[in-house]
Every structure is written in C-alpha cells, then in structure tokens.
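> Chains as they are written, first to last, in my numbering: chain D, 91 to 604; chain P, 10 to 367; chain V, 72 to 390; chain X, 2 to 337.
What the simulated footprint calls covered on chain D by chain V, stretch by stretch (three residues with Cβ under 8 angstroms from a Cβ of chain V suffice, anywhere in the stretch; the number is not a length):
#1 158-170
#2 182-193
#3 204-216
If you are wondering where the hints come from, they were derived from the structure by calculation, not from laboratory data. A virtual CB, placed ideally from N, CA and C, is assigned to each residue, including glycine.
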Amino acid sequence: MEQARTVVEMRNITKRFPGIVANDNVSFTLGKGEIHALLGENGAGKSTLMNILFGLYQPEEGEIFVNGQKVNIDGPNKAISLGIGMVHQHFKLVHPFTVTENIILGSEPKKWMGLAVDRKLAYEKVEHLSKQYGLNIDPYAKIDDISVGMQQRVEILKTLYRGADILIFDEPTAVLTPQEIAELLVIMKNLVQQGKSIILITHKLKEIIAIADKVTIVRRGKLIDSLPVAGTNPNMLAEKMVGREVSLKFDKKEAVIGEPVLEVDRLVMKGRGGRDALNETSFVLRRGEILGIAGVEGNGQSELIEALTGLSSVAGGSIKLAGVEIAGMTTRQVSEAGLSLIPEDRHKHGLVLDFPVRENMVLETYYQSPFTQNGFLNFTAIEKHAERLVKEFDVRTPSIMTDARALSGGNQQKAIIAREVDKNPEVLIAAQPTRGLDVGAIEFIHKRLVEQRDMGKAVLLISYELDEIMQVSDRIAVIYEGRIVGEVKPSETNDQQLGMMMTDYKAPQGGPDN
Amino acid sequence: MNKLIKVFTKESAVVPLIAIVLGLLVGAVIMWLGGYDPILAYRSLFNKVFGNPYDFGETLTAITPLVFTGLSVAFAFRTGLFNIGAEGQYIMGMTGATFIGVNLHMPWYIHAPLAIVVGTLIGGIWGMIAGYLKAARGVNEVITTIMLNWIALHLSNYIVRRFLLEEGKGRSFMIDENARVTIGWLSRMLDDARVHWGMFFALLAVIFVYAILFRTKQGYELRVVGSNADAAKYAGINVNAGIVKAMFISGALAGMAGVFQVLGVFMNQAIAAGTTGHGFDGIAVALLGGNNPIGVLLGAILFGTLSYGAAGMSFGANVPPEIIRIVIGSVIFFVAAPGIIRWGMKKFKHKSSKGEAV
Amino acid sequence: MDIATLGNMLNTALVFSTALILAALGGILSERSGVVNIGLEGLMTAGAFAAAVSAYWAEDAGWGAASAWVGLAAGALFGVLFALIHAVATITFRADQVVSGIVINFIATGSTLYLVKQLFEGAGETSLVNETFHKWKIPGLSEIPIIGEGIFNAYPTTYVALILVGVVFYVLYKSTFGLRLRAVGEHPSAADTVGIKVLRMRYTAVLLSGLLAGMGGATIALTTTGTFSHNTISGQGFIALAAVIFGKWNPLGAMGAAVFFGFAQSINNVLQLFDFSSHIPSEFIYMLPYVLTILVLVGAVGRARAPGALGEPYYQGKR
Amino acid sequence: AKNENKNNGAASPGSSASASPTASADESGKDFKIAMVTDVGGVNDKSFNQSAWEGLQRLKKDHGASVKYLESKEPTNYLTNINQFVREKYNLTWGIGFLMGDAVKEAAAKNPDAQLAMIDNVVEAPNVASITFAENEGSFLVGVVAGMMTKSNKIGFVGGIDIPVIKRFDLGFEAGVKAVNPNATIKKIYTGAFDKADLGKAAAASMYNDGVDIIFHASGGTGNGVFNEAKERNKTAAKDKKVWVIGVDKDQSLEFGDDVTLTSMLKRVDEAVYSISKEMIDGKFPAGKITTLGLKDNAVGLPDTSTKNVPADVLAKVEEYKQKIISGEIKVPTAQ
Ligand SMILES: Nc1ncnc2c1ncn2[C@@H]1O[C@H](COP(=O)(O)OP(=O)(O)OP(=O)(O)O)[C@@H](O)[C@H]1O
Ligand SMILES: Nc1ncnc2c1ncn2[C@@H]1O[C@H](COP(=O)(O)OP(=O)(O)OP(=O)(O)O)[C@@H](O)[C@H]1O
Ligand SMILES: [Mg+2]
Ligand SMILES: [Mg+2]
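Working from the sequences, and respecting the hints, build out all of it.
Structure, rendered in structure tokens:
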C-alpha cells in the first residue's frame with residue numbers, strides 16, 4: 091500500500107440540533123486507499139458527521155478539504171461531484187423500482203435528445219459494473235424482491251456508478267448475515283485495491299480489527315481519539331468508546347432447564363407466491379432456557395413469529411403453549427395465554443411513535459384492570475406503571491409524556507422490552523432485539539433476556555447475528571427454508587459450522603472472486 | 010386535562026389568533042381592492058352576529074351542525090380515516106329523523122329521543138358502509154364516501170318523495186309537534202330565533218368525543234389504529250373492527266347534525282337538488298380545530314360566526330358574501346401553515362433587531 | 072340497445088369524462104410526487120372561471136374561433152396560479168397537505184365568484200361565450216362503427232385529454248423526469264441523496280397539476296356551460312380525485328375510471344328514454360353511476376398502493 | 002358609492018328586455034323600501050330570481066323605491082334573510098321561489114305587522130300576498146308549437162327535479178303536444194338537478210341521438226347544457242336535421258340566440274313582482290290574497306320574438322288554443 095495521501099480532511103466540525111451538539115469540534119482525516127473506522131455509541135454523532143461530509147447537513151462551524159481543496163459541500167450533488175458516495179444506515183432505495191432504476195436515478199443514461207431513459211444502456215452498464223466489482227446483482231430485480239444483503243450491494247453500486255472514490259459505509263453490517271458480512275468485507279478490500287478510500291461506521295469491534303487501517307472514536311459528539319488499528323484490541327476500543335470499562339465477554343450462569351412450555355409441531359404456512367414459508371417446522375422450548383433460532387433472513391423467521399403470535403393463520407401443524415393449543419387463536423388470545431413478542435421492527439410494529447411513552451407502555455394491556463376501569467382509562471394507574479417501567483429498565487426519556495418518536499433507538503427498544511417482560515409471559519420471543527444498538531445497550535438487553543431465563547421463563551431468540559445467537563442462547567436451532575434443519579449447543583459448535591447449516595451448505599458456491 | 014391545557018398553551022393559542030387576524034386582513038385587502046369599505050363590512054358582520062338577540066340566536070343555530078360535522082371528520086381523522094362523507098351521513102341522519110318525526114305519534118319524551126336515536130343510527134350506518142368496505146375489501150374510504158354522498162342525496166329524495174311527501178309542497182310533511190326539539194323559552198328570549206336542544210347536544214358531543222378518544226379504552230384502541238395500524242395488529246387490536254366502529258361513530262356524529270336541523274330548525278325535509286355543504290364545511294372545521302374536539306368547537310364557532318355574519322356584510326356594506334369564504338380559507342391556511350407565521354415573526358424580529366443595531 | 076346507441080353513449084360519456092381525465096392527470100402528477108391534492112375541485116373552479124372570462128373577452132375583441140383556445144390557456148394558467156398556493160404552503164412551509172387542499176377549494180370558489188361580480192357588474196355568472204369549442208370529426212376514423220361516432224367525433228379538448236394521457240404516461244414511466252418524480256414521491260430522501268432536487272420536483276409536479284386541473288375546469292366552461300357560475304364545477308374535482316385512486320395513480324387507469332364514470336352517467340340518461348326502465352324511480356337512476364363505481368371497486372382485486380411518501384412533507388435529514 | 006349601484010340599481014345583463022320607458026318615472030315610491038330574498042339559486046339564476054330582481058329594479062327606476070336583495074346560501078338562510086328585512090322595517094319583503102314557502106309563513110306569523118309576498122307558493126296568512134303561475138297553460142302553448150313543428154315526431158322534455166312546479170310544465174307541455182299531434186312521442190328526462198349543465202347536455206345528447214328534434218327544458222341552469230348541445234349539433238347538421246330548444250321563464254333566445262331557441266315559455270315573475278309592489282306603494286296591497294297568474298293575465302306565454310322561428314299558421318293555432326284555455330273550454334292538467 092502506498093503512503094497514505096489525505097483525500098478528506100474535516101476540520102473542527104460543529105453541528106448542533108435543537109437541544110444537542112451532535113458534533114462538537116470534531117476533526118477527521120481520511121487517507122487514500124485507507125479503510126477508516128468510525129466508532130461510537132448510539133447517538134455519538136457518527137452519522138451526523140458523515141451526513142455533513144455528504145452534504146445532507148450543513149455544519150455550523152468547521153471546514154472540509156477534499157483532495158487538498160477547501161470545499162463547500164452544499165448538497166449531495168456537490169458531494170457526488172467530488173467523488174464522495176455514501177451507503178446510508180437506513181437504505182435509500184425506492185422499493186417499487188428495479189435495481190437498475192435505483193442505481194441510475196439522478197444520472198440516467200438518456201436517449202432521444204434526453205427525452206427518455208435509455209434503459210437498455212442502463213441495464214448493460216449496471217451489469218458491467220456488477221461484474222467488475224464482483225457484486226453479482228440482478229439488474230432487473232425489484233428492490234422489494236431482493237434480500238437485504240443484495241439491497242446493500244445496490245447501494246454500493248449506486249456510489250460506484252457515480253464514480254465515487256471516497257465511500258462512506260454507515261453501519262453496513264448491522265443487517266447482514268455472517269456470510270454476507272464476510273462477502274462485504276471482501277468487497278471492501280477489493281474496492282480499496284482499486285484505489286477507493288472507505289469510511290466505515292460500525293458497532294462491531296471485530297470487524298474493525300479485521301479490516302480497518304485506522305479508527306476514530308467519538309463520544310457524545312466529541313472526538314476522543316484517532317489511531318491506527320494495529321496495536322489496538324476490542325477491549326481498548328470499547329473502553330474509549332463508552333468511557334468506562336466494559337466486559338465484552340458475556341457471562342451467564344448454567345441454565346436450569348425445566349419442562350417444555352412451547353411445543354411447535356410440524357407447522358405449515360403458505361408464503362407469498364404459494365411456496366411454503368414454514369415447511370413442517372418443529373421444535374420444543376423449555377422453561378429456563380434460551381433457544382436461539384439461527385438462520386439467514388427470509389428463511390421463515392418472520393412467518394414463524396406471525397404464526398406463533400396469531401398474526402397469521404397456519405395451514406397445518408400445532409402450537410402448544412403450556413399444553414394449550416394456541417394455533418388458531420387471535421393475537422390477543424395468544425398474548426393472554428402467556429406469550430410476549432419483542433418485534434423485529436420496533437418503529438413499525440413495536441411502538442406508536444406519535445404516542446407518549448406512557449401510552450406505549452400499555453399497548454397490549456390497556457384494556458385490563460387497573461388500566462381500564464368500566465371502559466375508562468385509569469391514567470393514574472397507567473402513569474404509575476410507566477414510571478415504574480421507565481425506572482426499572484432505565485429507559486432514558488425526559489418524561490413519560492414524551493412521544494416515543496423522540497427517544498433514541500436504544501431507549502425505544504428498552505421501552506418495548508420493559509413492556510413485554512413486565513407482562514410476565516411464559517414465553518418471550520425476542521426478534522432481532524439488538525439490531526443497530528451499541529455495545530452498552532446490547533449488554534443491557536442481553537442481561538434482561540438471561541434474567542428472564544433465570545426466573546424460569548422460556549425465551550425464543552430469533553436473530554440473524556451469529557454472535558448474538560452464540561453468546562446468549564443455551565441451545566441453537568437452525569432454520570432453513572422454513573424447516574429446522576438442526577439443533578446444536580453453542581459450546582459444541584462454531585461460526586463455520588452454523589454458517590454452513592444456515593445455508594444448507596452442500597458444495598462450494600461461486601462467491602465473489604478475488 | 011393535559012390536552013385541555015395544551016390547547017391553551019402559548020404557541021398553540023397565539024398562532025391561531027394571528028391566523029385569524031391575518032385572514033381578516035386578507036379579506037380586508039381584497040374588499041379594499043374591489044372598492045368596498047372593509048371596516049364597514051366587518052362592522053356589519055359583527056353587528057349581524059351580536060347586534061340583536063335574534064341574530065345571535067340564529068348564529069348559535071348556524072354553528073350547531075358545524076360542531077357535529079367537524080367532530081365527525083375530526084374523529085375519523087384521529088383514527089386514520091378521511092371521511093369526506095359527512096355530507097351524505099348528514100343527509101341520511103336528516104331522513105331518519107324526518108321519517109320518525111312524520112310517521113309516528115307518541116309522547117314527546119319518547120318521540121323526540123327516538124327520532125334523534127334513529128337519525129343518528131342511520132347516519133352511523135351510512136358511515137359504517139364505507140368503513141366496512143375498507144375493512145373487508147380494502148376499498149379506499151375517500152372514494153366510497155364521495156360516492157355515498159351522492160347516493161345519500163338521491164336515496165333520501167326518494168324516501169321523502171315516496172313515503173313522506175306532503176302533496177304539492179316538494180317536501181315532507183311537517184314533523185309531529187312532539188318530535189321537535191326547540192327550546193321555547195330561550196327562543197322567546199332570543200326574539201324567536203330557532204334555537205334548539207341540538208346546541209347542547211353539540212356541546213355534549215364535544216365532551217363525548219373528547220372522552221371517547223382520550224379517556225376510554227375504545228378510543229385508545231381507535232387512536233392506535235389511526236396512528237399505527239401495524240402496531241395495533243401486533244398489539245392484538247382488531248384493526249378492521251376498529252375501522253368499522255370509527256366510521257360508525259363518525260357517521261353518527263354527522264348524522265346528528267342532520268337530525269337536529271330537521272327536529273330543531275326545518276321541521277321537515279325538502280326534496281333537495283344538491284347538498285348543503287355542511288359536511289364539506291365539517292372538513293374545514295375539523296382542520297381548523299386541529300382535529301381536537303375542543304379545537305373543533307372553537308373552529309365551528311369561528312366558521313359559523315363568519316358565515317352567518319356574511320349576510321350582514323352583504324346587507325350592510327353590499328360586499329358579496331363570497332368574500333367570507335376567502336377569509337375562512339385564509340384563516341385555515343395560516344393555521345395549517347404555522348411555518349408562514351413563524352417565518353414572518355422571525356423576519357419581523359430580525360428586522361427590528363437590525364433596526365436597533367443601526 | 073343498438074350499435075348506434077352505444078357509440079352515442081360513448082360520445083356523451085367522453086364529453087363528461089374529458090374534464091375528469093384532465094384533472095385526474097393533474098392529481099396523478101401531484102400525488103406521484105408525494106403531494107396530496109384534494110384541491111382539484113378548487114383548481115378546476117379556477118380554470119373554469121378564467122376560461123369563461125378570457126374566452127368572453129377574446130370573443131369580444133374579435134378573436135373568433137381562437138377565443139376558446141385562449142380560454143383553455145387562461146384556464147390552465149389560472150390553475151397554475153392557485154396550485155402555486157398549494158405548493159408554497161405544502162412544500163415550502165410543510166403545511167398539512169389535506170388542509171391546504173381544502174383551503175384551495177375555499178379560496179378558489181370564494182375568489183372566483185367575487186371576481187365574477189367585480190367583472191360583470193355584480194352578476195353571479197359570466198356572460199355567455201359563443202365561441203366555445205366545437206366537435207371535430209376526424210375524417211376516415213369517424214366512419215368506424217361505434218368508436219368512430221364514440222371517439223372520433225369529439226371536442227378538440229377530448230383529443231387533447233386523450234393525447235395527454237399518453238404524454239403523462241410516457242413522461243411518468245419512460246422519461247428521466249418521470250423516474251425522478253416517482254422516486255421523489257416514493258422515497259424523497261433516496262432521491263435527495265442522489266442529487267435530485269426534491270422540492271423543485273414537487274413544485275413542478277404541483278404546478279403541472281394546477282395546469283391540468285385548470286384545463287379540466289376550462290373544458291367544462293368551454294364545451295358544456297359556456298359560462299362560469301357558482302355551480303359550474305360541482306363535485307367533478309372530487310370525482311376526479313376518486314378516479315386518481317380508482318385508477319391506482321396510473322394515467323391509463325385514471326382515464327379508464329373517468330370514462331367509466333362518464334359512461335355510467337350516460338347510461339343514466341339512456342335508461343330514462345327506454346320504456347322498460349321508465350318505471351324505475353328516477354332517484355335510483357341518478358344513483359347508478361355512484362353505485363356502479365362502488366360495486367366495481369368492491370369487485371376489483373388488489374388494493375391500490377399509494378405512492379410511498381404521499382402526504383409527508385420532506386425535511387432534509389429526516390429519517 | 003360604486004358598489005351601492007351593484008345591489009340597488011344597475012341593470013343586470015338582459016334586463017332591458019322588458020323595461021318600460023324611463024321617461025315615465027315618477028317619485029311615488031320614494032319612501033318605500035322593498036326587498037327580496039332569493040332561494041339558493043341566487044339572483045343570477047337566469048330564472049325566477051333574476052326575473053324578480055329585474056322587476057324590482059324597474060320599480061326603482063320607474064317609481065324611485067329603494068330595493069335590495071339578499072341571496073340565500075343554504076336553506077337555513079331563508080328565514081333569517083327575510084327577518085333581516087322585516088327587522089329593518091322594509092315595507093314589503095318578497096320570498097322568491099317555491100322553497101321559501103315555509104320561511105315566509107313563519108315570518109308572517111311572527112311579524113303580523115310586516116307585509117310579505119311570495120312567488121311560486123301559496124302562503125295562507127293575512128299579511129302575505131301569494132303569487133303563483135299557471136305554468137301548465139303556457140307550457141301547453143309551447144307544446145302546441147312543438148307538436149306542430151316537429152319533423153321526427155319525437156319531442157323531448159328535460160326537467161330539473163321532479164317537483165310539483167316542474168310537473169306543471171311537464172304535463173301542460175305534454176297536453177299541448179297531444180292536442181295538435183297525437184302521434185308524437187314525448188321523451189322525458191329529469192336530470193335531478195337545476196344547476197348541472199353537464200347533466201343537461203348529456204340528457205339533450207341522448208334525446209337528440211334518439212331522434213328528438215325539439216326539447217323543452219324546465220331545468221334552470223341545467224338547461225344551459227341543453228342549449229349548448231343543440232348549438233353544437235346545429236353547427237354541423239344539415240338544414241333538415243336542425244334541432245331546437247324551447248326556453249323557459251325568460252326569453253332565452255336573447256341569450257342563446259334564435260338559431261337554437263325555437264321559442265320560450267315566459268313566466269313573467271318580473272311583471273308580478275313589479276305590479277304587486279306597485280299596488281303596495283299605492284296602498285292596494287293584496288294582503289292575504291292568492292293570485293294565480295295565467296294566460297289571461299299575460300303572465301305566462303310566448304315572447305314576441307317567437308315570430309322569428311315559428312310560422313304564422315302555428316302562431317295562429319297557439320292563439321286559438323290560448324283563447325280556448327282562457328275561456329275554460331280546455332282544461333290543462335296540473336298534476337297526475
Ligand atoms: N435530524 C436531526 N434532528 C435533531 N437531532 C438530530 C438529528 N439527527 C441526529 N440528531 C441528534 O444528533 C445526535 C447524533 O446522532 P447520530 O445519528 O449522528 O448518531 P450516531 O452516532 O450515528 O448513532 P447510531 O450509532 O445510533 O447511528 C443524536 O443524539 C441525535 O439526538
Ligand atoms: N427528524 C428528527 N427530528 C428531531 N429529532 C430527531 C430526528 N431524528 C432523530 N432525532 C433525534 O435523534 C435522537 C436519536 O435518534 P436516532 O435515530 O439517531 O437514535 P439511534 O440511537 O441512532 O437509534 P437507531 O437505532 O434508530 O439509529 C432522538 O433523541 C431524536 O430526538
Ligand atoms: Mg442510529
Ligand atoms: Mg448513525
């Protein structure tokens with residue numbers, strides 16, 4: 091690697107939002123051909139800093155230099171023309187559009203004197219680019235129909251299509267499977283070899299150690315340190331990030347396993363397009379254990395959740411909760427029978443964002459005494475309940491009257507967990523409970539899950555993140571194409587083996603070439 | 010209580026006030042450009058409304074249906090539904106009340122309440138049709154309510170003609186004395202203005218809607234459905250039933266507007282060529298009131314006062330009464346886009362601080 | 072019912088549908104960009120007013136047959152003017168789009184009538200325009216059975232509307248502008264991050280919707296009434312809005328919905344002329360178009376999917 | 002001051018038709034305030050409201066009375082608008098249009114000292130003068146014209162809403178046609194509205210397509226569409242395929258031209274308003290009386306301009322029937 095020439099320099103950037111300084115005099119330098127990690131807790135200001143570099147926000151103070159020139163990045167257009175591309179934390183894809191349409195959007199190849207989009211040329215270009223970088227994307231597919239991993243590749247292609255030399259990845263691995271992560275890391279290495287420079291935001295310290303050249307750490311908007319990765323270790327990074335010592339090793343007592351409480355037997359459910367989303371899925375969950383469901387996204391996990399919670403009806407099979415058949419019950423009946431769900435999508439399914447915390451805390455129990463008396467809501471009881479949960483679960487909110495929308499992701503998640511755990515369920519289903527959260531928040535949530543287990547409850551953990559599954563579960567069931575294809579103990583397996591089970595690995599597949 | 014207080018907190022009280030002033034100013038400028046005397050016009054408007062007991066009473070009567078239709082639209086909005094059909098529900102409510110009022114003969118303590126209940130129910134059912142079609146078939150309620158408005162108009166004309174017609178009058182028979190809800194003593198106090206119990210029902214409806222929405226389990230459910238239907242489903246709330254219920258209540262409220270127009274004002278139902286617009290005005294009132302029951306009440310008062318006073322403007326200052334629609338439109342505009350007012354205030358402050366510096 | 076009747080019904084239906092098609096196209100453009108437009112009624116009112124007034128003036132000034140075209144242009148222009156209010160309120164000041172639409176309806180009805188009274192000595196209606204549009208028979212094509220009489224002997228505005236359906240379809244689905252417009256309506260921040268000026272696109276779309284809806288209103292004044300008064304536009308804007316949704320935000324779909332509606336209206340007249348149906352109470356016949364619309368919607372499979380960002384004001388950096 | 006005129010004086014378009022010479026102006030009405038309240042159609046409805054207002058304006062011109070109107074925006078306004086004038090001590094307040102009946106009755110009962118008058122409806126009260134018209138008689142005569150002049154033997158009637166007044170037009174017309182041409186068929190369409198020109202146009206199109214060559218409309222603004230369709234057809238039609246419209250209330254040939262307007266069924270609301278108001282000024286207000294104005298009063302009938310399109314022999318026939326109706330030899334039906 092050549093001696094790093096500076097391609098981006100951000101000097102003394104300050105950006106304020108109402109009531110908060112998101113970036114406080116932060117400086118940041120990116121060298122050519124470098125992979126530079128940006129690390130910090132939720133809300134530390136990482137995305138904000140990068141959004142400034144990409145022209146989405148204007149800083150109150152500070153200067154930006156690109157390739158040695160002082161620039162004023164007043165919008166994404168300017169950033170793009172400077173060769174900056176960004177893969178956003180929340181993908182910026184138009185779902186009803188095809189892959190190609192998304193990629194060319196804004197700089198379309200034209201025909202007929204610019205009157206029409208030259209689709210043929212566009213598809214060719216995308217196909218070519220996809221080959222060049224080994225991304226393997228179907229240019230004709232609709233975004234709606236492709237996996238999250240593929241969607242991310244579309245985002246990457248978008249930047250490459252625009253000729254970006256400086257690529258910003260904002261938490262690109264939060265939503266990916268282990269295989270996809272491995273592939274992404276390869277792709278990134280590939281990119282720097284082709285002369286690109288990369289800024290990588292991630293909460294996963296392992297990834298930083300594995301791939302980054304430098305790391306910059308921010309905390310509460312302030313720059314803490316910027317140092318070469320060589321010579322650091324995860325513990326040291328974590329400590330710099332949170333400002334205190336964190337134990338990355340997750341300790342839990344041996345599980346005391348009791349009788350079966352959730353018995354799922356040959357569950358069948360039709361998915362979209364008539365194919366079986368659940369194909370005779372069977373497993374048993376016992377008291378006092380955490381069963382992790384490992385699997386690549388889209389292998390029936392969502393359908394399994396819908397079936398268990400009564401959100402969708404099943405085509406066959408049985409679900410017994412503490413001996414009672416719950417297949418065919420309504421969501422409410424299932425909930426009353428003792429099943430709680432921490433849903434995967436907290437914004438869409440877990441909360442009413444425009445309601446205050448107070449009212450979100452009784453979303454499933456509002457109709458029960460003491461929250462409702464004679465048809466009227468009892469706000470004293472509701473408030474007391476909310477105050478207690480906020481305190482017990484350390485939900486950081488200005489007050490219980492604050493709208494849920496205003497809470498940070500981590501605190502929103504804590505609120506949901508508080509609500510679900512407090513229902514004192516027999517079975518707690520946790521779907522992707524820590525997606526996008528920082529190490530501190532993750533630690534908190536994992537502890538709560540184990541606490542439930544230790545109280546003799548049963549926990550079903552559904553996650554696409556192998557690390558999480560391996561750390562938290564007492565037993566792991568692997569789901570593949572709607573079927574449980576194997577069960578293992580975390581202590582008796584490893585990433586590789588699990589990864590193979592998850593993809594029903596039979597023969598080597600043509601991965602990205604390098 | 011908190012919500013009540015919220016209504017009167019600084020920002021939310023000041024912006025509407027400025028909006029009203031600005032709206033009146035817009036009207037004044039237009040009148041002035043048209044060669045009218047805006048001051049005389051507004052004075053005439055004020056006089057028309059507050060100048061004598063009769064007109065004051067009639068203003069109350071004009072406000073009453075707007076409170077109901079405003080609540081109707083606001084209620085639906087709160088539950089995530091856009092009810093453009095208050096107009097049709099109003100007409101159906103009217104027809105229900107007329108039917109009972111004309112065809113039955115009972116003591117007043119049964120007759121009037123029965124007419125109110127039946128009219129209200131029919132309005133509710135009319136709203137429920139749109140709710141049902143949305144819940145069961147996914148048909149957008151905006152289209153169905155628009156269509157149902159026209160269907161209601163013609164259907165009620167048919168019912169009046171076929172079952173209720175007083176030959177040669179082009180309207181139904183007068184309703185039974187016992188079905189009327191006029192308030193004799195108050196009416197006499199107000200120089201025979203057609204005041205009726207409907208306005209007290211309107212106030213009750215404000216409280217009722219407020220209580221339902223923010224105080225009851227039912228309202229909580231409906232608001233969850235309105236704010237995030239997916240979350241409602243995950244929370245075990247029956248979203249489809251919620252939609253149907255919400256449209257029933259919304260329709261019933263609009264129906265009540267029609268009920269009291271028959272039982273308190275007209276005492277009959279005419280074969281109508283078109284709709285009265287109370288339902289559409291209800292949309293404006295709901296929006297003026299920020300879809301909050303108390304806001305709706307205030308919005309209806311403003312709307313009703315201006316509309317009723319418009320005749321005074323045209324009488325006293327010869328101003329075409331259409332001007333008042335511009336005024337109302339402008340007020341809503343400024344209420345809806347508080348950004349404009351804030352932007353204006355900022356500019357203003359900026360300027361004056363600059364002035365000081367110089 | 073013979074063949075000729077069918078052609079005649081189609082012809083009548085198209086007269087009725089033309090304004091709906093134009094306004095619905097406007098609605099589609101606006102809503103595809105993410106801006107709800109329930110102000111179509113008001114925009115049509117503005118268009119009808121301007122058309123009636125300026126065609127009358129043009130006629131007075133001796134412009135002859137060109138007067139109607141002047142009226143059409145003026146209607147379009149006035150529609151744009153009122154749409155500008157909607158655009159400023161909803162796009163720049165992020166006012167609630169439904170509220171702003173209602174405001175447009177209020178201000179349009181109020182101000183046009185006020186202006187009529189100012190311009191016509193206190194009259195509530197503009198003076199009659201004689202130089203309105205007249206039907207054009209397309210030689211050759213008009214000889215085809217049914218559709219010849221049905222489609223190719225129509226007002227020029229009908230041809231304009233049908234051509235515009237094609238144009239809008241092409242623009243939406245084939246052109247760069249359309250791709251960007253749809254992106255803005257589905258996911259504005261995605262569009263923003265690839266350098267598309269979201270607000271500018273929305274302005275363009277809303278102003279175009281004013282143009283088209285204004286033309287729609289003008290059509291009614293220049294082919295049907297010849298004047299403008301308080302009831303020249305009475306509900307057509309809302310029907311056009313229904314056509315937008317019914318047609319699933321697709322120009323061809325909206326055209327289908329508008330023609331369907333026009334057809335249902337003309338059935339209604341034909342029914343009154345036949346003996347077998349003359350016993351049906353007329354009220355039920357009047358209801359027919361509306362009932363049919365609901366029935367078709369109930370029978371139609373698949374829910375309409377509104378543009379993803381419809382109704383949401385755009386803030387840069389909003390998640 | 003400019004605006005004062007708008008309401009109180011300036012002739013509205015088309016009002017000059019029946020104005021009497023200004024030379025005869027006297028000041029007998031100087032101290033009298035006379036007002037009218039329109040129904041929701043508004044003062045420019047090209048129909049009875051407008052006609053009534055023309056009558057009042059003529060009264061002002063001829064006799065110096067001060068006149069004023071209020072338009073009702075919705076039915077609740079009927080009573081409040083009337084009361085506005087009654088409270089302002091107007092000498093006479095007119096309720097124009099059938100729909101105002103109940104409101105006039107109510108106001109009259111509550112204000113026994115006030116003088117009110119009513120067009121198109123009967124209000125039995127000691128202080129109200131009620132004026133109705135025998136529309137069926139006039140319609141009979143235009144029916145005679147249509148029956149004699151149709152070439153296709155198919156004649157159309159376009160009604161607004163199916164209410165008693167419109168039924169009178171309908172039945173009178175039908176009787177007239179049948180009297181002279183028993184073989185003619187009459188097609189009827191009620192559009193269900195008085196203010197939807199598009200429905201009028203569609204209805205006319207269906208009729209003309211069906212072979213109808215003359216349409217009589219009694220549908221207010223909806224009729225604009227009928228005229229529009231007829232004009233459109235006559236633009237391109239061969240001479241022998243020409244279609245006609247028979248106008249209503251006013252001489253509609255003045256607005257829509259005589260190339261489509263065969264004749265009109267005049268209903269002289271202006272005359273009635275003018276003369277009854279004058280009687281009030283002269284102290285001869287027909288309080289409590291019901292006046293039905295028909296052919297004998299020249300309050301309904303054909304305008305003079307009919308000679309343009311209606312041949313003399315037909316007009317002669319019309320005159321013959323007119324006499325028969327006046328003499329009572331022919332009874333024109335009013336309702337079924
Ligand atoms: N558009 C905005 N308006 C107001 N405040 C904002 C906005 N965007 C970010 N913030 C604030 O700025 C702070 C930094 O946010 P940012 O999204 O940059 O954090 P982050 O480091 O990317 O967090 P995460 O790891 O969760 O992605 C947050 O605490 C938030 O309060
Ligand atoms: N558009 C916005 N307007 C105002 N405040 C915002 C906005 N977007 C975010 N915030 C603020 O940002 C803070 C954190 O939001 P953010 O979504 O960055 O949280 P997070 O911890 O990064 O969680 P996530 O996992 O959802 O990214 C909240 O306190 C919220 O008030
Ligand atoms: Mg975040
Ligand atoms: Mg971030």
